[in-house]
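Visitor: The chain contents come next:
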Amino acid sequence: MTDLTRLTIAQARDEMNKGTFSSLDLTDAYLAAIDAANPAINAYVKITPDKAREMAKASDTRRAGGTAGALEGIPLGIKDLYATQGVHTQACSHVLDGFEPRYESTVTANLWADGAVMLGKLNMDEFAMGSSNETSYYGPVINPWRAEGSNANLVPGGSSGGSAAAVAALLCAGATATDTGGSIRQPAAFTGTVGIKPTYGRCSRWGIAAFASSLDQAGPIARDVRDAAILLKSMASVDDKDTTSVDLPVPDYEAALGGSVKGLKIGIPREYRIEGMPAEIDALWQQGIAWLKDAGAEIVDIELPHTKYALPAYYIVAPAEASSNLARYDGVRYGLRVPGKDIAEMYEKTRAEGFGEEVKRRIMIGTYVLSAGYYDAYYLRAQKVRTLIKRDFELAFDAGVDAILTPATPSSAFAIGDVNLASDPVKMYLNDIFTVTVNMAGLPGIAVPAGLDPQGLPLGLQLIGRPFEEETLFKTAHVIEQAAGRFEPKKWW
Amino acid sequence: MSVDLATVKRVAHLARIAVTDEDAARMEGELNVILGFVEQLSEVDVEGIEPMTSVTPMAMRKRTDAVTDGSKAEDIVANAPETTDNFFLVPKVVE
Numbered sequence: 001m002t003d004l005t006r007l008t009i010a011q012a013r014d015e016m017n018k019g020t021f022s023s024l025d026l027t028d029a030y031l032a033a034i035d036a037a038n039p040a041i042n043a044y045v046k047i048t049p050d051k052a053r054e055m056a057k058a059s060d061t062r063r064a065g066g067t068a069g070a071l072e073g074i075p076l077g078i079k080d081l082y083a084t085q086g087v088h089t090q091a092c093s094h095v096l097d098g099f100e101p102r103y104e105s106t107v108t109a110n111l112w113a114d115g116a117v118m119l120g121k122l123n124m125d126e127f128a129m130g131s132s133n134e135t136s137y138y139g140p141v142i143n144p145w146r147a148e149g150s151n152a153n154l155v156p157g158g159s160s161g162g163s164a165a166a167v168a169a170l171l172c173a174g175a176t177a178t179d180t181g182g183s184i185r186q187p188a189a190f191t192g193t194v195g196i197k198p199t200y201g202r203c204s205r206w207g208i209a210a211f212a213s214s215l216d217q218a219g220p221i222a223r224d225v226r227d228a229a230i231l232l233k234s235m236a237s238v239d240d241k242d243t244t245s246v247d248l249p250v251p252d253y254e255a256a257l258g259g260s261v262k263g264l265k266i267g268i269p270r271e272y273r274i275e276g277m278p279a280e281i282d283a284l285w286q287q288g289i290a291w292l293k294d295a296g297a298e299i300v301d302i303e304l305p306h307t308k309y310a311l312p313a314y315y316i317v318a319p320a321e322a323s324s325n326l327a328r329y330d331g332v333r334y335g336l337r338v339p340g341k342d343i344a345e346m347y348e349k350t351r352a353e354g355f356g357e358e359v360k361r362r363i364m365i366g367t368y369v370l371s372a373g374y375y376d377a378y379y380l381r382a383q384k385v386r387t388l389i390k391r392d393f394e395l396a397f398d399a400g401v402d403a404i405l406t407p408a409t410p411s412s413a414f415a416i417g418d419v420n421l422a423s424d425p426v427k428m429y430l431n432d433i434f435t436v437t438v439n440m441a442g443l444p445g446i447a448v449p450a451g452l453d454p455q456g457l458p459l460g461l462q463l464i465g466r467p468f469e470e471e472t473l474f475k476t477a478h479v480i481e482q483a484a485g486r487f488e489p490k491k492w493w
Numbered sequence: 494m495s496v497d498l499a500t501v502k503r504v505a506h507l508a509r510i511a512v513t514d515e516d517a518a519r520m521e522g523e524l525n526v527i528l529g530f531v532e533q534l535s536e537v538d539v540e541g542i543e544p545m546t547s548v549t550p551m552a553m554r555k556r557t558d559a560v561t562d563g564s565k566a567e568d569i570v571a572n573a574p575e576t577t578d579n580f581f582l583v584p585k586v587v588e
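Residue numbers (our numbering), protein chains in the order written: chain A, 1 to 493; chain B, 494 to 588.
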């Protein structure tokens, strides 16, 4: 039974229901794969083998007793941003050294209630601020994908780089992730995996370290569209502990798969055809349009005129919220403390040593744009632009568009330590150019693998949907997946 | 708009992040690149546009005003760097 890690969640679920193998067998297979691969990939910052086996045994007992949940016995990796009771939870930051919460996030609690097994905590950009997983205190994650004929290390994207790499390298059956400006969809695109950021409010944010509260959403990264649908069904819930979580029934997303897209109106926004877009990205987009047209969808050109302002508005709103949310890390209640001659110096030294450069940059920008005299010019204006961005989408949906098709990223995975990107923070920010609008408008977006670039690296397409119409996204992404096939990295680790 | 060295140091103090002169000089350049990038928002006509306060058009649910949690002092201080008798310990604030 050496190949158990190759099974999707749906396959493993069906086999375990037949009694072909146990959750403990499956969990042991993943733990062995992690031991072998993690020194090379660095996807996990904490592996929890004892807890995993204990949870797997309990799961096998439940299954034997006839009370199997929707994710019974399925081993998952959890992004380090999620609070997991008694287990390393540091948002991959030095400032949270040694933090082991006494509580469990609502999303992970939902997963365990449905029978899932935790393998460990996954690497990420510090406090989810980054697009390459290079800002992690625990070092970068290495993308399981390499360019053909090359052994150069590539980034897995970010901030959910550990989640995407672990799924692509078969080091978990699926993973939790979070997305504030593209942190699920960009790494999914870079690793040939499927990632969905659901509508704002679909999942509870309680117990997830806050970055930008009006933009953050939890979602899964998975091997295929079906697995993503299965995971989101378990993750989503209304929650008294998060007043922005919505009280709407969670649909059976898996049931939406296989549905016809005949007559569905798919919008193609002209503003996403950016200057200098690589030919392979445009070709991929055209291919996606052709697949959906072949499946009976109606393709319409749409306009989203404020698209180009989404990223600059994001880089005011997100740092402003972050500067407020990260004020709590001061060396008093948890994590790192660096002594000082008085309390103010203790705060300043703790935060100087505890936060990495990118996090400091964003706190500084946020503090500046919220400071007296600048609030109206920056923050208030950015929030007005956000209203306009959302209105663009609403007009398209009002005109009958069911979903919008775009590329997921402006390029395939780039090199670790890219000098060009490191020299200018804004260049790194441009990675999120196609994804960030979706967070600004609170909409659902899914990234689905659609092809390989000339170097043999995966590329993804993004579908954007109406609020709470994730089913349309799963159904349509499934059509793309059926046409494109699945993509797996050649094992080198 | 752009920031100078003195503003960088003032903002760092507001954010309670200690910076050396060298840090501040580097940050000045980086912050100005970002501020230059967001400057393009000034070309958008926002006359009469309401600022977004909530992305979902629904009234916030309110929970019952009832005590549902508590008596967890030990849990709350469990991760603190320094405590005594379930209090957080910090350097002296008032002389």
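Worth double-checking, as some hints may not be accurate.
Chain B is faced by these chain A residues, among others (derived, beta-carbon under 10 Å) [what the hints assert, rightly or not]:
1) 240
2) 350
3) 389
4) 390
5) 391
6) 392
7) 395
8) 419
9) 421
FYI, nobody ran anything at the bench for these hints, they're computed from the structure.
No residue lacks a Cβ here, since even glycine has one placed at the ideal position from N, Cα and C.
Visitor: State for each hint whether it applies.
Guide: Hint by hint, here is what the structure shows:
{"no.": "1", "hint": "240", "result": "5 Å, holds"}
{"no.": "2", "hint": "350", "result": "9 Å, holds"}
{"no.": "3", "hint": "389", "result": "9 Å, holds"}
{"no.": "4", "hint": "390", "result": "7 Å, holds"}
{"no.": "5", "hint": "391", "result": "9 Å, holds"}
{"no.": "6", "hint": "392", "result": "12 Å, violated"}
{"no.": "7", "hint": "395", "result": "14 Å, violated"}
{"no.": "8", "hint": "419", "result": "16 Å, violated"}
{"no.": "9", "hint": "421", "result": "13 Å, violated"}
Hint compliance for this structure: hints 6, 7, 8 and 9 are not met, and every other hint is.
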